[in-house]
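Enquirer: One letter stands for each residue in the lines below.
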Amino acid sequence: MSQFELDAKRLLCPLPVIRTQDKIKTLNIGDILVVTCTDPGVMQDIPAWSRINGHQVLKTESGEYEFVITIEVGE
Amino acid sequence: MSKQIKAVSLISGGLDSMLATKAIMEQGVHVEGINFFTGFCVEGHTHAIRKKDKDKPKRNNSLWVAETLGIKLHIIDIIEEYKDVLINPKHGYGANMNPCLDCKVFMVKKAKQWMEENDFDFIITGEVMGQRPMSQRRETMPIISAESGADDRLVRPLCAQSLPATLPEREGWIHRDQLFDFSGRGRKPQMALANEYGFTDYSQPAGGCCFLTDESYSKKLVDLWKARGEKEYDLDDVMLLKVGRHIRPRPNFKIIVAREDGEARFMQGYKKTYINMNCASHRGPLALIEGDASAEDLHLAAQIVARYGQGRDAELVDIAVRDIAGNESIMQVKPFGVNEMPKDWFI
Chain C
1 MSQFELDAKR LLCPLPVIRT QDKIKTLNIG DILVVTCTDP GVMQDIPAWS
51 RINGHQVLKT ESGEYEFVIT IEVGE
Chain P
1 MSKQIKAVSL ISGGLDSMLA TKAIMEQGVH VEGINFFTGF CVEGHTHAIR
51 KKDKDKPKRN NSLWVAETLG IKLHIIDIIE EYKDVLINPK HGYGANMNPC
101 LDCKVFMVKK AKQWMEENDF DFIITGEVMG QRPMSQRRET MPIISAESGA
151 DDRLVRPLCA QSLPATLPER EGWIHRDQLF DFSGRGRKPQ MALANEYGFT
201 DYSQPAGGCC FLTDESYSKK LVDLWKARGE KEYDLDDVML LKVGRHIRPR
251 PNFKIIVARE DGEARFMQGY KKTYINMNCA SHRGPLALIE GDASAEDLHL
301 AAQIVARYGQ GRDAELVDIA VRDIAGNESI MQVKPFGVNE MPKDWFI
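Chains C and P, in that order, are what the protein sequence lines are. One point on numbering: in the numbering used here, the residue at position 24 of the first sequence is 24, and numbering is uninterrupted. One point on numbering: in the numbering used here, the residue at position 332 of the second sequence is 332, and numbering is uninterrupted.
Note that these hints are calculated values from the structure, not bench results. Since the structure is predicted, the reported quantities are computational estimates derived from the model, not experimental observations. Take these hints with a grain of salt, some might be off.
Quick list of simulated restraints, FRET-style, between CB atoms [stated by the list, open to error]:
1. C/Asp31 <-> P/Asp344: 30 to 38 angstroms
2. C/Arg10 <-> P/Arg259: 13 to 21 angstroms
3. C/Asn28 <-> P/Lys3: 23 to 31 angstroms
4. C/Glu75 <-> P/Gln310: 53 to 61 angstroms
5. C/Lys59 <-> P/Glu315: 17 to 25 angstroms
6. P/Pro142 <-> C/Lys59: 48 to 56 angstroms
7. P/Lys72 <-> C/Thr60: 20 to 28 angstroms
8. P/Arg250 <-> C/Thr60: 44 to 52 angstroms
9. P/Arg312 <-> C/Asp31: 51 to 59 angstroms
10. C/Val57 <-> P/Glu80: 39 to 47 angstroms
11. C/Leu58 <-> P/Asn339: 39 to 47 angstroms
12. C/Val34 <-> P/Arg322: 29 to 37 angstroms
13. C/Val34 <-> P/Pro142: 21 to 29 angstroms
A virtual CB, placed ideally from N, CA and C, is assigned to each residue, including glycine.
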């Protein structure tokens, strides 16, 4: 299991979701991806995308300007 | 054991594609969704940018539809490839800069490519005959099937009974009598079907999902192309056309003035790309200068920006002007009066 980071700041949805999707395609089951974004819409969209595609959101963190989502890659 | 039939469905986030997908799922077909991001999609962006929309749910409707249906959704970035569709539409534009027919052909073509790469059997769309003036007419539906190359592997469940039988129907993968014959712009049949399926919450029916169908947005895009002398754009252009007041006092430059805090926050991200200014002596909006502006042009721009700040009635105001390296200078200007700006400056 390895941890990876993805910078999706300044991107508006659905681009952070697309970048997350494309990054996860390159990872292995059990890997952890930490995505940092500035669009508050990701707090809905990335968990929704993760749920329907079999990945697990481990943690979401909301700051004033940044939103960080930690995902464990599923099957 | 018989092979599991699989279909890929174009999910826009609206009701029609949701119903079309459900109708095929009900027949035991494995369905996955596909959603194409052109850059012009209304989804998300403006809700995220504009504070006035803060009470609207910031959900992406295509993801929400997929989750409601319990299917996977693949979101595909087609921003670059879509440029050729928009710039050179074979079938022309609709009422605004919307190349709806070419767009549909392109998306079905991309779906066909995805279908082949992923060993799926057919494609689903939520088209309804007669619903849209350009892409959803009896005479244009065969064009979409033929030019996309999807041919009879393209199934439109909501109006299939009014169209020739497709391969999945002929092969018995799906049953024609469990498809529909909806037509026209009326929404009652769709709403009744939604009710039957138990869908009580869905995106506004028949709502536009593309900024290119918007008259104001299209005017700004045409203005951008005219000013540049060529039909070119990048993603930042697409985004910035969605925010602010766009004012072109001279052909060589325009000013984008934030209308509220949400837009100003979004535009902050472009301060290293564009000369920008805001009122330093009074509260006022951030503005970006797009184009090649001279010192005289910047003075004119500052007068315009001053007009939108709280110093609009002052004799003189200080405007802070920053270049893309962040070097700041102060310009003292007299704000334009409400009636001093010609209407044709506003794009």
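Enquirer: Now tell me if each hint is right for this structure.
Expert: Comparing the hints with the structure gives:
1. C/Asp31 <-> P/Asp344: 30 to 38 angstroms: 56 angstroms, violated
2. C/Arg10 <-> P/Arg259: 13 to 21 angstroms: 20 angstroms, holds
3. C/Asn28 <-> P/Lys3: 23 to 31 angstroms: This hint holds: roughly 29 angstroms between Cβ atoms.
4. C/Glu75 <-> P/Gln310: 53 to 61 angstroms: 57 angstroms, holds
5. C/Lys59 <-> P/Glu315: 17 to 25 angstroms: 55 angstroms, violated
6. P/Pro142 <-> C/Lys59: 48 to 56 angstroms: 51 angstroms, holds
7. P/Lys72 <-> C/Thr60: 20 to 28 angstroms: 22 angstroms, holds
8. P/Arg250 <-> C/Thr60: 44 to 52 angstroms: 47 angstroms, holds
9. P/Arg312 <-> C/Asp31: 51 to 59 angstroms: This hint holds: roughly 55 angstroms between Cβ atoms.
10. C/Val57 <-> P/Glu80: 39 to 47 angstroms: Check failed, 30 angstroms falls outside 39 to 47 angstroms.
11. C/Leu58 <-> P/Asn339: 39 to 47 angstroms: Check failed, 58 angstroms falls outside 39 to 47 angstroms.
12. C/Val34 <-> P/Arg322: 29 to 37 angstroms: Roughly 33 angstroms apart at Cβ, these two residues keep to the hinted range, so it holds.
13. C/Val34 <-> P/Pro142: 21 to 29 angstroms: Violated, since C/Val34 and P/Pro142 (Cβ atoms, about 49 angstroms apart) do not stay within the stated range.
In this structure, the earlier hints numbered 1, 5, 10, 11, 13 are contradicted, and the remaining ones agree with it.
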